[in-house]
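These protein sequence lines are chains R and L, in that order. With the numbering used here applied, the first sequence covers 1 to 323. With the numbering used here applied, the second sequence covers 1001 to 1149.
Careful, some of the hints might be misleading.
[To be verified] Here are the computed distance ranges between Cβ atoms for each label pair:
| # | chain 1 | residue 1 | chain 2 | residue 2 | range |
| --- | --- | --- | --- | --- | --- |
| 1 | L | Glu1065 | R | Thr121 | 46 to 56 Å |
| 2 | R | Val42 | L | Leu1125 | 45 to 55 Å |
| 3 | L | Lys1095 | R | Glu75 | 38 to 48 Å |
| 4 | R | Ala179 | L | Gly1054 | 46 to 56 Å |
| 5 | R | Glu58 | L | Glu1089 | 41 to 51 Å |
| 6 | L | Leu1125 | R | Ile111 | 39 to 49 Å |
| 7 | L | Pro1106 | R | Ala179 | 41 to 51 Å |
[What the hints assert, rightly or not] Residues on chain R that point at chain L, a partial pick, calculated with CB under 7 Å:
| # | residue |
| --- | --- |
| 8 | Ala273 |
| 9 | Lys274 |
| 10 | Val276 |
| 11 | Ala278 |
| 12 | Ser281 |
| 13 | Ile282 |
| 14 | Ala295 |
| 15 | Met299 |
| 16 | Val302 |
In case anyone wonders, no lab produced these hints; they're calculated from the structure. Every residue gets a Cβ at the ideal spot worked out from N, C-alpha and C, and that includes glycine.
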Amino acid sequence: MAKPKVAICWLGSCGGCDEAVVDINEVILGVAKAVDLILWPVALDFKYNSIKPMKDGEILLSIINGDVRNSEQEEVAKLLREKSQLVLAFGACACLGGTPGLANLRTKEDIFNWVYRDAPTVVNPEGNYPQTTTIVNGKKLTLPEIYGRVYALNDIIPVDYYLPGCPPPPHLIMAAISAVLEGKLPPKGSTLAPHRALCDSCKRNKSKPERMAIRDIKRIHEVEADPDVCFLAQGIICLGPATRDGCGEACMNINIPCRGCFGPVEGVVDSGAKFVSALASILDVQSDEDIERIANEIMDPVGYSYRFALPSSILQRKTGKNK
Amino acid sequence: MSQYKPKVVCFSCKFSWGYLADEAYLSREIENWIPIICTGKIDTTHIMDAFEKGADGVLILGCPEGDCHYQDGNYEAKKRVYLLCRILESIGIEKERVKIELSSDPEGRRISKLVKEMKEELAKLGPWKGNVVAEKMPQKKEIKAGRGK
């Protein structure tokens, strides 16, 4: 019997997710025995053209990481969707938009002007900007078109399963792959990670006082954080209450607060808004001036509450469907 | 073209707003009026939900300061609205789209007045733009064509 075909592909991604697949160590050899890897641009030399002649649904599973920001990424995502039975959005970028999604706070023109004209390290006297087509010595060269904003994968194609994280931890990757191979999958649209919030499994949870009340917000580098006490109780912003569990608490263990790479808990669409609610209710302030002072103490509120999820937030979705 | 008519969702606490009035009458009078018990119940996700379903603005009417039936629910709502407004502002959405007023009007006559006032304010702002990015997306002209020379 032919082995099931699996594709691993990166779109707008840093490569960390592909690295995470390699991080499952020798287990990957077992996976390679059980399946036929037909595409993995970061590790293996297969071309997109070898996918095009395939039949629809011939690939069992496509593991796609990274967000979509240009026409090439969109084309590859649509090609893989057409040829695959299952698509797994892998990592925070594919699931939620990821950190590159913060680029949505600026326009494409702003970004281009900074990168190709205004940044102090740029020397570009001729004012050259990347073009989708350029004629050089009579030959036509092409580049993908960059879109006006960053999209999460499910804005472009239907996605069957989600595995968040920046990057997803090895134990969840293995669980996801074996669930596909054994056919023991939850209903479509599920996130293949625990449903609870990170605070539920956090070791520091016991240390938090009965009624949380913080009067000042501090940044992690400004104080020496106690490694055993809840970050929020110390006045340090931690996204644990609004973030899905399952990451293995890699950040907590090195005394760094949660930044929310696992996205919202089950049933919540907009993790940032949910976090704002949670944070507001533990602020111990009495007067309007106090609210103002403490709210202004939060540097970059969007960066904190939507670090990994800006493109999938309701505020962006409302008008952002068109390209 | 018909004139732009903003939609406002109004949440009001039953402990201070309109408890003497006929609720059925008021809800015919005020579009998208949601009487609730305690504004402390309103989560930012409810406000977002209103926006997602087509609201242009959200007005929250809570009890006067120090008068919350459940100790400090009105104040909790105020803190949430304040933080949410900061987020909206940094994303490029006018903070005037979310408003909270802590006061009291048992007969509820002021509710429709306040909603009307907010609608007028929103009409000046124009329709919901989502954010700057979505707004300016299709522009390509600013980028120069060709390779310089």
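Checked hints:
no., hint, in the structure
1, Glu1065/L with Thr121/R: 46 to 56 Å, "holds (53 Å)"
2, Val42/R with Leu1125/L: 45 to 55 Å, "holds (46 Å)"
3, Lys1095/L with Glu75/R: 38 to 48 Å, "holds (39 Å)"
4, Ala179/R with Gly1054/L: 46 to 56 Å, "violated (38 Å)"
5, Glu58/R with Glu1089/L: 41 to 51 Å, "holds (49 Å)"
6, Leu1125/L with Ile111/R: 39 to 49 Å, "violated (26 Å)"
7, Pro1106/L with Ala179/R: 41 to 51 Å, "violated (58 Å)"
8, Ala273, "holds (4 Å)"
9, Lys274, "holds (6 Å)"
10, Val276, "holds (5 Å)"
11, Ala278, "violated (9 Å)"
12, Ser281, "holds (6 Å)"
13, Ile282, "violated (9 Å)"
14, Ala295, "holds (5 Å)"
15, Met299, "violated (11 Å)"
16, Val302, "holds (5 Å)"
Of the numbered hints given earlier, the model fails hints 4, 6, 7, 11, 13, 15; all others are met.
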